[in-house]
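> Now for the letters of each chain:
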Amino acid sequence: MKTTKYISMLILTIACFAGTGWQSALAKTGESEDLTVKQILEKVDEAEAAPSSQGRMTQVITTTGGQERTLEMISYTKDGTDKQLMRYIGPARVKGESILMLNDGDDIWYYSPRTDRARKIASHAKKKKVMGSDFTYEDMGSGNMASKYEGNLIGQAKIDKKICYHLELTPTPEGPSYAKIQIWVDQETFLTVRVDYWEKGTKPYKRLLLSDIEVIDGRPTPMKYVMKNLREHSETRMEIKEIKYNVDLPDKLFTERNLKRR
Amino acid sequence: MKKMLLMLCVILIFPGSAQALELSGYYEGQVTGWKFGDRLNWQAINRLRLDLESDLGSNASLAGNLVAMTYDGLVQFNLLDFLPESAVRELETWLGPAVWDSFNYSFNATQITLDNAFVSWYAGPFSFRLGRQQLPWGTGYAWNPTDVFNVKDLLEPTYEKPGRDALKAEWGFGEAGGITLVFLPGATWQDSTRAVRGKMHVSGFDLSLSVIDEAYTTVDIFNPNPEQRETRRIFGGDFVGQVWEWGVWAEGAWLDGPGEEESWQFVLGTDNTFSWQTSLLVEYFHDSAGSERASDYSLAAWLDLVQGVRKTLGQDYVMLTVSHPVTALWTATISLVMNMNDQSLVAVPQVVYNFSDNLDITLSGNIFTGSADSEFGALQATNGYLRLKAYF
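Read top to bottom, the protein sequences are chains A and B.
Residue numbers for the first sequence follow my numbering, so the first one is 1 and each next one is one higher.
Residue numbers for the second sequence follow my numbering, so the first one is 1001 and each next one is one higher.
In case anyone wonders, no lab produced these hints; they're calculated from the structure.
All values derive from a computational prediction rather than experimental measurement.
A virtual CB, placed ideally from N, CA and C, is assigned to each residue, including glycine.
Some hints could be false.
[As the list claims (entries may be wrong)] Coverage of chain B stretches by chain A, computed from C-beta distances (three or more under 8 angstroms per stretch; other residues unrestricted):
#1 1086-1092
#2 1158-1171
#3 1211-1222
#4 1264-1277
#5 1290-1302
[As the list claims (entries may be wrong)] These stretches of chain A come out as covered by chain B in the derived footprint (C-beta under 8 angstroms, 3 or more residues):
#6 37-49
#7 86-96
#8 125-133
#9 160-172
#10 244-257
Please model the entire structure based on the sequences and the hints provided.
Below you can see the structure in the form of structure tokens.
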């Protein structure tokens, strides 16, 4: 009952601001606190970007034809999303290949163990699918939301019994290559639960769903990420198998020369 | 070699001694059809690569790989088949018809090689590697003017290369900066190759400068001692970064050595990936020592080219590569390499299918076009191949 009242109030509030250009500015939280879109995104960054983490995950790619490919990797992050390192540990075809992303995903190096070559790749490569999956490099290293996106609050919606902010965002000049995205943010945890991606046109072409929240080291963590390509009807399911937060990771781990270390 | 295989067997039989040893590798099978004029010849290649890796404590490691290869079908070539008629006639004038016997080349039916074997150790920002190892150098894709350690296959530039026997020391600083020293021992200090490279990461660009004293072999078949060791100094530099969203890179070298004129080479490249996932790569290569016209290609240059001593004949080249992932499992690529001076061209169409997690199937070929005296036109060795690569 309280929830219904709250939704009605929120819709009323948004309706009042609609057409004035103010609809992007304010939102209501469970704590009756007015939040701007920027503040919501800052809280998303705070909730999703741990000071440091170390994890092992799998990616199962289901192609349009229904065939499956499985990738396994270990990942390290530090300073939120500022420093990220991914090493593939399986299958044998890609074992040892590594991706280093620094400066919030602005600088990317790719390492191939058979040639022992670490090469800096340009930002256009962020649009490339990683190892044939439905995730691109920029999806993997999405970076700081508050600085990479700006936009409007569309309203709120219920996803998996969670009341969510529904935001429409466009990338800032430092942001990714998508024309726009819509995200749904859990009002309680400030975790993203769904993202729709647009290139152009009226329909989204990709959808990311985050679920199976577990509390790890005190942080609510989505353990399952499903990226659906709505145009090609393929899907990539990423599952976190193990994750630790606040681990002591030296800065030297996130250097180009460390990619070559074995 | 037998001892090495025996050691491997012991390690595999007694798993207790192999706790820290990781084994991996791949099998590659390839069937190639070659078209020489009206003839169609076949060649089969089997390649097995076995990689070994082991930690030697927390700050050291051992790694290496053996490659076993077998060849069947067409295993004998005469290198003169890849020269224009005018060059062959000139050779026959000098050396008589018996010259053909000097240019027979055959693949050994079975080869086992140690491609890489090295120990690495680390001490703070310093690292050292001793043994046969990969020495990637430079930012160019198809051509690397500063790379004296590897011979790239222009038709497949990213294919792995055999390691070089070297001592490499590195001091790393910052995110991607460092100084690298490489020593490839020869019979004497003068006969050894030494290189130093300094690298920095500035404003999103990786920049480097290098100085290399290269000891190399020249082949002059008109000389009673055809193989001569020479040395030269190379000053080089390169960068890789981006302008707007286009990847850009450049690599240049100034070569100075006794007995030859100073020359310089450079590469300029750019690439992009479009929103529909198609990738485009364009690279331009200039070699001031190359010739501007096909009629200027000397016999010595042709001989160096077919023997792998030099990489190109002309002055100006351009490579264009377009690649598109048709589905998550199929990737189609076409590469064109053009000698802009003699207008000859080689096209490399390729389709790769990822059959399963660890099996790739490649269908590819090399189509040479151009006049009979041009670089790619003379190499009338158009071929197509089917390759399977199974990783373990």
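> If a hint holds in the structure, say so; if it does not, say that too.
Hints, verified against the model:
Interface restraint, the stretch 1086-1092 of chain B with chain A: violated (0 residues with C-beta to C-beta distance below 8 angstroms; minimum three). Counting residues of the stretch 1158-1171 of chain B whose CB lies closer than 8 angstroms to any CB of chain A gives 4, so the stated coverage by that chain holds, three being the minimum. Counting residues of the stretch 1211-1222 of chain B whose beta carbon lies closer than 8 angstroms to any beta carbon of chain A gives 0, which falls below the threshold of three, so the coverage claim is violated. Three residues within the 8 angstroms Cβ limit are the bar, and the stretch 1264-1277 of chain B against chain A gives 6, so the coverage statement holds.
Coverage of the stretch 1290-1302 of chain B by chain A is violated. Counting CB-CB distances below 8 angstroms, 0 residues qualify, and the rule asks for three or more. Counting residues of the stretch 37-49 of chain A whose beta carbon lies closer than 8 angstroms to any beta carbon of chain B gives 0, which falls below the threshold of three, so the coverage claim is violated. With a cut-off of 8 angstroms between beta carbons, the stretch 86-96 of chain A has 4 residues touching chain B; three or more are needed, and the interface restraint holds. Counting residues of the stretch 125-133 of chain A whose C-beta lies closer than 8 angstroms to any C-beta of chain B gives 6; at least three are required, and the coverage claim holds.
A count of 0 residues in the stretch 160-172 of chain A with a Cβ less than 8 angstroms from any Cβ of chain B is obtained; the coverage claim is therefore unmet, three being the minimum. For a cut-off of 8 angstroms, the count of residues in the stretch 244-257 of chain A with a CB near a CB of chain B stands at 5, and the three-residue condition holds.
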